[in-house]
Amino acid sequence: MRADLDIIQEWIAPQSRVLDLGCGQGHLLADLAEQKQVRGYGLEINPEDIQACIHAGVNVVEQDLDKGLSNFQDRSFDTVVMTQALQAVHRPDWVLDEMLRIGRESIITFPNFGHWRARGYLWFRGKMPVSKFLPYTWYDTPNIHFCTFKDFEQLCRQKNIHILDRTVVDSRHRDRWWIRLWPNMLGEIAIYRVTR
Amino acid sequence: MPLEIPADSVGLVEPKTLHFATPLVLVSGRVLPHYDLIIETYGCLNEQRSNAVLVCHALSGNQHVAGYNSPEDRKPGWWDSAVGPGKAIDTNHFFVVSLNNLGGCHGSTGPTSINPTTGQRYGPDFPIITVQDWVKSQACLADQLGIERWAAVIGGSLGGMQALQWAIDFPERLSHCLVIAAAPKLSAQNIAFNEVARQAISKDPDFYGGRYADHDTYPKQGLMLARMVGHITYLSDDAMGDKFGRELQFDELSFDFDADFQVESYLRYQGESFSKRFDANSYLLMTKALDYFDPAAAFGGDLVTALAQARCQFFLASFTTDWRFSPQRSREIVDALIAADKPVCYTEIDAPHGHDAFLMPITRYMTAFKAYMDRVAREVLTAEVGDAR
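First to last, the sequence lines map onto chains F and Y.
In this text, residue positions in the first sequence follow this note's numbering: the first is 1, and each later residue adds one.
In this text, residue positions in the second sequence follow this note's numbering: the first is 1001, and each later residue adds one.
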């Protein structure tokens, strides 16, 4: 289990209804079902991931987030989760609106482009950052909308979205005291819990 | 004849006919006083009778799902790609039951059977049968086989509609429902195509109001046309293009109205061979069953309420180039299942073959199908072990 999924789990109520956008192999949903009797559905488009979900008994629905979520009714889920996919969708702002229409709360994680290593890479090399954590080059990356924590929080303010919780961690999902001093510079991944 | 029966085939199989003496009251209000159902079974029923799966057929299908009825058969059953040892519906794990539906023409009671009240062939007097009626008769079949609960009810197209109806009408009698390339009800366009087929048959001079058998003939032209129209809707534009393009039958255009292009002669051949093996009255009945299918109707037209009755888990699959029952139609079912809080897995297979894809051994489709059925098999096994303790 990934450490960020551990943190997300704590924020989800037992027996609630959860929609996971880009659920991958369904680890979070499988775990939530087992530990918290959560009734969940995951959306995914990768065939291998869908296959893994079917095998694991996770409710997986083949659906492309970029083609909209209008088939889901308002407030039909307690929590809508999206881990590490915000930066990969065509319109993160629209997806965010949809998440908060469908669910009472949303949990979102994404990589921080304001992290010192990304800044340093661009500053010193003058090239788009490539790292072990984000191994793509600019032309083949699925991550088309990078943002910093500050950017995201500004968008939330513009949209009157309330941030209920925020945990900022390093790339191995460890919560370090020094990250809290200067999260937008030192944090690599943020996990937000938001509502409207 | 297949020179050698493949290792993943169920091999030589034999149908058998079961008789049902209890009258069946139909949705139309009419009653079948007694009836026969012809079935095939593959694999072994376990001691707990918990590993049985029902396979429902589509418009022109029958009980012969897999394997060969005789060593001379050139082709195996209609869903041999999915049923057999090691296949998606693995006969090493499951006891597979298939039947020819009421109103059919492959051995179950239908228009070619004798009407007990008149002593004559039913012909056009055979009552209109709905999907609900089929499911009810299939439940009687389960009773007679001593199967209280199916591990899964499975079908594609019209077969998928039966599976869906099972989940609503007999929620306690199935654990899993697999609905492939289906729709929650027919669209106006779907009904329109069926009407063209029916008109083609009933306007054939050899139809004689459905009493063609009394005149020692059958509406060959009408059935041919019906099948040709149907066949076009089973294929995608690309699939037809790939298969035939604009290839000519002979080297040059004939400048008359005979078949110039290969696609024309192919459709004629398909239509003709179909007209020889399918009863016209049966075809009319099957298309009506399709048109009338609308399980939500009994729940104020609300599919979510209809599916809220279900107690099973669902697997749905659709195919990108299927325009008869497009992925959108499967999504309607999936969305309703999610709204009704029912467990569901849904996959949309990228395949060029159109509606016919559901019968084909497409790798991604069969792997997903098999992964789901293996899960069903594991559940059956776990329950068995639990029972033994």
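Certain hints may be false.
[Unchecked claim] For the chain F half of the interface with chain Y, some residues (derived, Cβ under 7 Å), not all of them:
hint, residue
1, P47
2, I54
3, H55
4, N59
5, E62
6, G68
7, N71
8, L134
Hints are computed from structural coordinates only; laboratory data are not their basis.
All values derive from a computational prediction rather than experimental measurement.
From the three backbone atoms N, C-alpha and C, an ideal C-beta is built for every residue, glycine too.
Status of each hint after checking the structure:
no.: 1; hint: P47; result: 6 Å, holds
no.: 2; hint: I54; result: 4 Å, holds
no.: 3; hint: H55; result: 5 Å, holds
no.: 4; hint: N59; result: 5 Å, holds
no.: 5; hint: E62; result: 5 Å, holds
no.: 6; hint: G68; result: 12 Å, violated
no.: 7; hint: N71; result: 5 Å, holds
no.: 8; hint: L134; result: 28 Å, violated
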